[in-house]
Amino acid sequence: DAKTTQPPSMDCAEGRAANLPCNHSTISGNEYVYWYRQIHSQGPQYIIHGLKNNETNEMASLIITEDRKSSTLILPHATLRDTAVYYCIVRVGTDKLIFGTGTRLQVFP
Amino acid sequence: DAGVIQSPRHEVTEMGQEVTLRCKPISGHNSLFWYRQTMMRGLELLIYFNNNVPIDDSGMPEDRFSAKMPNASFSTLKIQPSEPRDSAVYFCATHSGVRAYGYTFGSGTRLTVV
Chain D
2 DAKTTQPPSM DCAEGRAANL PCNHSTISGN EYVYWYRQIH SQGPQYIIHG LKNNETNEMA
62 SLIITEDRKS STLILPHATL RDTAVYYCIV RVGTDKLIFG TGTRLQVFP
Chain C
26 DAGVIQSPRH EVTEMGQEVT LRCKPISGHN SLFWYRQTMM RGLELLIYFN NNVPIDDSGM
86 PEDRFSAKMP NASFSTLKIQ PSEPRDSAVY FCATHSGVRA YGYTFGSGTR LTVV
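Just so you know, the protein sequences line up as chains D and C, in that order. Counting from 2, one number per residue, gives the positions in the first sequence under our numbering. Counting from 26, one number per residue, gives the positions in the second sequence under our numbering.
Just so you know, these hints were derived from the structure itself, not from any lab. No residue lacks a Cβ here, since even glycine has one placed at the ideal position from N, Cα and C. Check before you lean on any hint, since a few could be wrong.
Cut-off 25 Å, straight-line C-alpha distance, at most; resulting in silico cross-link-like pairs (DMTMM-like, lysine to aspartate or glutamate) [to be verified]:
#1 D:K4 with C:D81
#2 D:K97 with C:E39
#3 C:K93 with D:D96
Pair by pair, the computed Cβ-Cβ distance ranges are [to be verified]:
#4 D:A18 with C:D88: 43 to 53 Å
#5 C:I80 with D:D68: 24 to 34 Å
#6 D:R105 with C:V123: 24 to 34 Å
#7 C:R66 with D:S26: 34 to 44 Å
#8 C:E69 with D:P22: 20 to 30 Å
#9 D:K97 with C:R110: 23 to 33 Å
#10 D:Q43 with C:R66: 26 to 36 Å
Kindly generate the complete structure, drawing on both the sequences and the hints.
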């Protein structure tokens, strides 16, 4: 079973920041949080991951709370192309990624 | 780098026939995963390999499903006999083992069993 909870859907205006929340209250100390997105029927695309510290790359920023029980993925300037299902995943053990139901983000003009 | 290559992209077969899905991982990636996606069940992990060895096949739904990885550059997922409820998109993903990087997914094979 997935170890994360996400809202089923969210809307965001184009050009604005999209903040996608994720709860992972049962996360263990050495488990990473991963974010992926899936655009239509394509394969999931890796976005970012982190353990304790906040992370930033060319696609997004990841903010992890100090107690590590929740995190937020931030797309700083959402575009129509960012419309997708976003998955927050806690990596199980050393290898497995177990996907939940994700958040369907709709970016509108 | 061509990424993870899956074939065929689409497969339509009749119930009872054998189906073989193929995956070529990224060179140097030593972990390979097979996922299945349906509207009802979402993305399910079926099986994964590490260094060509099956590590966890607890997600394989039935004995009709089998997966092999004969070498580091090729894996197959076979369904025999196929049934209409096997209709889904099957994804292959690979990973280098370096935690700094994420998993790379292929474009998937859309299987329709009629």
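TODO: Hints the structure violates: just list their numbers, smallest first.
DONE: 2, 7 and 10
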